[in-house]
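K.L.:
Chains as they are written, first to last, in the numbering used here: chain L, 172 to 946; chain V, 18 to 120.
Keep in mind the hints are simulated off the structure, nothing from the lab. Please note that a few of the clues may not be correct.
What the hints assert, rightly or not - Cut-off 30 Å, straight-line C-alpha distance, at most; resulting in silico cross-link-like pairs (DSS-like, lysine-lysine): (1) V:K116 with L:K784; (2) L:K827 with V:K51; (3) V:K51 with L:K629; (4) L:K228 with L:K373; (5) L:K887 with V:K110; (6) V:K80 with L:K900; (7) L:K258 with L:K177.
Claimed, not checked - Derived Cβ-Cβ restraints for the label pairs, each shown as a range: (8) L:K813 with V:G69: 46 to 56 Å; (9) V:Q92 with L:D819: 40 to 50 Å; (10) V:E19 with L:E869: 50 to 60 Å; (11) V:E19 with L:V822: 51 to 61 Å; (12) L:L914 with V:S21: 17 to 27 Å; (13) V:V65 with L:E874: 39 to 49 Å; (14) L:D819 with V:V65: 35 to 45 Å; (15) L:V822 with V:G69: 52 to 62 Å; (16) V:Q92 with L:S707: 39 to 49 Å; (17) L:E932 with V:E19: 37 to 47 Å; (18) L:E874 with V:G36: 41 to 51 Å; (19) V:D58 with L:I934: 37 to 47 Å; (20) V:Q60 with L:E869: 43 to 53 Å.
Said to hold, decoys possible - Covered stretches of chain L (chain V as the covering partner; in silico rule of three or more C-beta atoms under 8 Å from a C-beta of chain V): (21) 821–827; (22) 856–869.
Ideal Cβ placement from N, Cα and C applies to all residues, glycine included.
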Amino acid sequence: MLKTVKSKILAIAIFMLAFLLIAFACYGGVFRMKTKQLMLQNYIFAVDTFVNRLNEKVVRLEDNSEDLALIGKLAYKTDKDIALTKKSIKNIFENYDNSLGGGIWYEPYTFDKSQKRTCLYIFRNRNNQLVFDESFASEEYDYHNRSWYKEIKSKIKKEHDTAWSLPYYEEIGSETMMITVGTGIFADGKLVGISTIDWDLKDLFAEIMRMAPIERGFSFFEARDTIKGSFALFASKADDYIIVSNTPYVDNLALTGKPLSALPWYRDNLRYVTYMTYHGKKYVPIVKDIKNGMLLIICIPKSEMFTDINKFVFMMLLILAFLAILIPTVLYFGLDRYIIKPIYILMNIARKVSRGEDIKIQLNKPEEFAQLASAFDKMTTNIKKITMDREKINNELNIAKSIQASSLPSVFPPFPDRKEFDIFASMDAAKEVGGDFYDFYFKDDQNFMFLVADVSGKGIPAALFMMTSKTLIENLSQFGFPPSELIYTINNKICQNNKEGLFVTMLAGIINLNTGRLSLMNCGHNQPLIKRKGGSYEYMNLDSNMVLGVFENVDFNIYETEMNPGDSLFIYTDGITEATNASDEMYGENRLQECLNSIKTIALNKISEEVKKNIKEFTLDYPQSDDITMLIFKYNGQAQMKEMTYKDKAVIENYKPCYTWLHGACEEWGLNEELKNTLDMCSEEIFANVTFYAYPFEQGEIEVYIKNEYNTITLKFIDSGLPYNPLEKPDPDITLPPEDRPLGGLGIYMVKQMAREVIYERIDDKNILTLIFDC
Amino acid sequence: MEYSIKPRGEFTLYVKASGRMDLDSAVQYGTAVKDALYDADEQITELVLDFGEVTFISSFGLKVVLELYKHMQEQNGKLTVENVPEQIKNSFKMVGFDKFLEF
């Protein structure tokens, strides 16, 4: 699937895209988490700062309360100088300008036995001046029964104890909501009064309001806006009440003084809670203890808290995702355009060039591909040139091959009027021009020479050497040398013409056609096969002489034998015996002998065809590596001719005397039983045909003529009936199943199979049918 | 040519011929065998032709063999040959009878 460069690059681009997307997503997640942690720490730090400031104030208030208690104690114990005491009190408040007011309150009849109430209260008026208010000592106010007084007094057990009151609304004097801190004044182990400092809740409220919408402390952000919807509570945990709150959902005053448990979201473990839900909104609670045991809870809406960071992270991820898509895409299209497209162009052109189209490559960029293209162009031109050269050489070689082939006699029979012998030869060249050849000619009227030769080597040198050798042998053979002298001369002449060290193997025969005397010369060649009349092919055992063209002045042994009428000789080159099949087996001499002996036909060209067919069946598709050359010579003996004629009425009943006559002829001439039957079958068919078709209406005569000449039987049927050519009948299809086969047509089909030749002629209103058989 | 036709078992007809089976005699031989097939008491399912003593067969003889074979085939029977001499075997082969006759 990922076979092409293009698909591979695409796969890498997709992988890169996925990888970058995952990497950026992880980075975004981690970044968001870390930033959130950092932000939260920043909030906590801001709250801590605020709590520290608050603590300082609480300590200061408590310190002041204690200082006042000390002044109260001194005043009680010493001379009870009111003016001096007032001065000391004023001094404290002058040094500490944040408090609303405060004072010293004595128990009934302790400071002054005559007076139930003695108090020294100072406060800051509207003009920011410290003024003592005497009205608190009035019966009407009756401070001893005020809630704050009773509360603080009940909480104080010993000297230096400091206690805080619940928030309360002071309708007299300041007319504000406040809480009061107080310290007991002890004298001689007995509580004689308390000192108090008022803390205007408006002041605390303002403080909380000031810090509650916490300013975002990150310099990171440009927009320094506040967090909307956050709220804070200031509460006393020990007494379980809310001192002040700025929750936007509940009226400030309505919640003040209520227990913490009135808050639906409040839990004791709030400081360990990451967020809580209130009015359907998530808040992050920050819980802080104040030094006097009070509690500050600041709740920041979660959504608001991280809005910006979420937005920022989202934007960042969007940009990164865009980059993650952009980078592989740009990479892919870049590679596609500058590498893959040029490759495809080159590929297409290569394909066209290989189909033989003449194409120049148009590719100017990128530089490397332009160079490749021009190199490619050069290569194409060179290949074309080489191909053309090779074609030219091939053409010339083919011409050479056909010249070589045409130099061998190829018309058979070559001497139709010489009935003393039959000859057939063939040379099937291997791919290249080769060195095999055969030849035959009359040395004189009686002596006939035939030969098969094989020049060593292949190609043009062998072909040229073959041509010279062939011409030389033919020329020399015309001089009337006796065989031994002829071969001696041939060898010397070839040696003189042989500078390249080539050589020729040759098997040549010279026969006297009158006597049948045969001289055979074997010059390093394969042994020929001889078939005596009525026998089978046997390898001859000739003395093997030196090959031709190597050593000069060498004597050659000549093998002398007789050929009788009907004897055949088969001469061949090693191209036959060394023909190889796919499993590297050679055809060999035995196969050749078996093949020759299994062949029924006696027509020489058919024998040659059968041998070639047999070799082909052996080698199958394995290429032919050497020339295959063979020559068959059959001696028919001296001219002799016998003939007989039979003439009678063409009627069915007359066939019996006809075949009786035919049998007589066969026996007289010594023809074998098989041929006799064949002649009988054929003549019966023709005889019947003449009776049925040539004379359908009236009887007529038939003349049968038989001739035996040079082992060839000629059988002629002549009648004067209607024109009738049995050869026009189509052949029956003998492969059909019996039910589909017609009954007729078998006879003439058999005649055509058995006779070597069947000729029909219509001459002088006569049908003449000639059948020719080999003996 | 001479021939003898006799039943072999209930459903088999055995024909032994001798001499030349040619233009002169083949038709006669064929007709005689066919008549014997018709005349048989039972439906003949196998026809056996013995060629042991036939010395010669021409195309007319071959034609009769084919005719008889087709005839037997139509009757859902079969034709077999026996003792076929080499020379007649060659003639059978030449006209493709070896495709359906075993000899």
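K.L.:
Each hint: holds or not?
P.N.:
Structure-based check of all given hints:
1. V:K116 with L:K784: Since the Cα atoms of K116 of chain V and K784 of chain L sit roughly 24 Å apart, the hinted pair holds (cutoff 30 Å).
2. L:K827 with V:K51: holds (25 Å)
3. V:K51 with L:K629: violated (70 Å)
4. L:K228 with L:K373: holds (15 Å)
5. L:K887 with V:K110: Holds - the C-alpha atoms of K110 of chain V and K887 of chain L are around 27 Å apart, at most 30 Å.
6. V:K80 with L:K900: Given pair K80 of chain V, K900 of chain L holds - Cα atoms ~17 Å apart, limit 30 Å.
7. L:K258 with L:K177: Status violated; Cα separation ~98 Å.
8. L:K813 with V:G69: 46 to 56 Å: Check failed, 35 Å falls outside 46 to 56 Å.
9. V:Q92 with L:D819: 40 to 50 Å: holds (41 Å)
10. V:E19 with L:E869: 50 to 60 Å: With Cβ atoms ~34 Å apart, the hint is violated.
11. V:E19 with L:V822: 51 to 61 Å: Because 23 Å falls outside the window, the suggested range is violated.
12. L:L914 with V:S21: 17 to 27 Å: holds (25 Å)
13. V:V65 with L:E874: 39 to 49 Å: holds (42 Å)
14. L:D819 with V:V65: 35 to 45 Å: Holds, since D819 of chain L and V65 of chain V (Cβ atoms, about 38 Å apart) stay within the stated range.
15. L:V822 with V:G69: 52 to 62 Å: The hinted range 52 to 62 Å is violated for V822 of chain L and G69 of chain V, with Cβ atoms some 32 Å apart.
16. V:Q92 with L:S707: 39 to 49 Å: The hint (39 to 49 Å, Cβ to Cβ) holds, given that Q92 of chain V and S707 of chain L are roughly 47 Å apart.
17. L:E932 with V:E19: 37 to 47 Å: This hint holds: roughly 40 Å between Cβ atoms.
18. L:E874 with V:G36: 41 to 51 Å: violated (28 Å)
19. V:D58 with L:I934: 37 to 47 Å: At roughly 59 Å between Cβ atoms, I934 of chain L and D58 of chain V fall outside 37 to 47 Å, so the hint is violated.
20. V:Q60 with L:E869: 43 to 53 Å: 46 Å Cβ-Cβ, so the 43 to 53 Å window holds.
21. 821–827: As far as the segment 821–827 of chain L goes, the hint holds, because 4 residues have Cβ atoms under 8 Å from chain V.
22. 856–869: holds (count 3)
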